[in-house]
Amino acid sequence: MAGGHMKYRHLSRSSSHRQALLRNLVTSLFKHESISTTWHKAKEAQRLAEKLVTLGKKNTEATRRRATQIFFEPNELVPKLFGPIRERYANRPGGYTRVLRIEPMKEDQAESAILELVDGPKDMRFAMTAKTLAHYGSRKFFAPGIARSVKQVTQFRENGIQELQSLISRMRVVDRLDKDRILAGPRKVYPEEKMKRDMHYFEEVDEGVRPNKLAPGRPRRRPRAMLTGREQKGKQDVVVEGRKEGSPSQKRQETA
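Sequential numbering of the sequence shown, starting at 1, is according to full-length UniProt numbering.
Hints are supplied without guarantee of correctness; some may be wrong.
Stated by the list, open to error - Below, in silico cross-link-like pairs of lysine-lysine (PhoX-like), each with a Cα-Cα straight-line distance of 20 Å or less:
| hint | residue 1 | residue 2 |
| --- | --- | --- |
| 1 | Lys131 | Lys80 |
| 2 | Lys131 | Lys151 |
| 3 | Lys122 | Lys31 |
Stated by the list, open to error - Per label pair, the in silico range of CB-to-CB distance:
| hint | residue 1 | residue 2 | range |
| --- | --- | --- | --- |
| 4 | Pro144 | Thr60 | 26 to 34 Å |
| 5 | Val173 | Gln19 | 45 to 53 Å |
| 6 | Phe72 | Phe142 | 26 to 34 Å |
| 7 | Phe142 | Ser16 | 18 to 26 Å |
| 8 | Gln109 | Leu48 | 33 to 41 Å |
| 9 | Ala20 | Met128 | 29 to 37 Å |
| 10 | Lys43 | Ser15 | 15 to 23 Å |
Hints were generated in silico from the structure; no laboratory data involved.
Note that the Cβ used here is the ideal one computed from N, Cα and C, for glycine as well.
Full structure from sequences and hints, please.
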């Protein structure tokens, strides 16, 4: 409708291309349970992923056929959707996926994000909460924000408190072993030095000095226009004599 509000993100693609993109993202999400993509693609794929989990919770013949139409790998993912994933979210009223912003992954600085299934083995917020509690040590009281995060990640997770405590203990052991580890520096988004080498830029030299000097031992050839008159004449004489001596027509005349 002209002048109406956009109901969804077009993602600069045609309708068929957009649907194929979202189906591909959702297939990867349910296969790996966590994917990294741009922020806008993640928000659009999240809508389709939420609908798929709702279809899995209904568990009817019609919903199975609909899920088969969406997945690119239905033989592998339809049993997973109507099996472990449906049991995982049986008591959860909604919010089966989560989008977390991360630093840009591409050199064009596009907004990036992680799209994941909550309460799964790759739940990022669950791991971040456990890491925060591992650094706190054995304290009896925590800040209200940490207590709220603990409730969010364990409320609908089966044996959530026990899994959180075991993960905290493992992280404390790892921190104790890797206490003196030196982390790598931040990754350069724009490797300027490599770009200069690939683009063959001129080297930075002082004023009055020729850049890109030739390697020693290699003779420098001057263009024909830069040769003097005597050099050009001598070169022509050598070429003409060579042609007269080795020309095929001269040899045929001599043999005849």
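Structure-based check of each hint:
Among the hinted pairs, Lys131 with Lys80 is inconsistent with the structure: their alpha-carbon atoms are about 29 Å apart, more than 20 Å. A distance of roughly 15 Å separates the Cα atoms of Lys131 and Lys151; the hinted pair therefore holds under the 20 Å criterion. The hinted pair formed by Lys122 and Lys31 meets the criterion: a straight-line CA distance of about 12 Å does not exceed 20 Å. Pro144 and Thr60 have their C-beta atoms about 43 Å apart, which leaves the hinted 26 to 34 Å range violated.
The given range of 45 to 53 Å is respected by Val173 and Gln19, whose C-beta atoms sit roughly 47 Å from each other. For Phe72 paired with Phe142, a C-beta distance near 44 Å fails the hint of 26 to 34 Å. Distance hint for Phe142 and Ser16: a CB-CB separation of about 50 Å, inconsistent with the stated range 18 to 26 Å. Between Gln109 and Leu48 the C-beta distance comes to about 26 Å, which lies outside the given range of 33 to 41 Å.
About 33 Å separates the C-beta atoms of Ala20 and Met128, a value consistent with the hinted range of 29 to 37 Å. Between Lys43 and Ser15 the Cβ separation comes to about 18 Å, which falls inside the hinted range of 15 to 23 Å.
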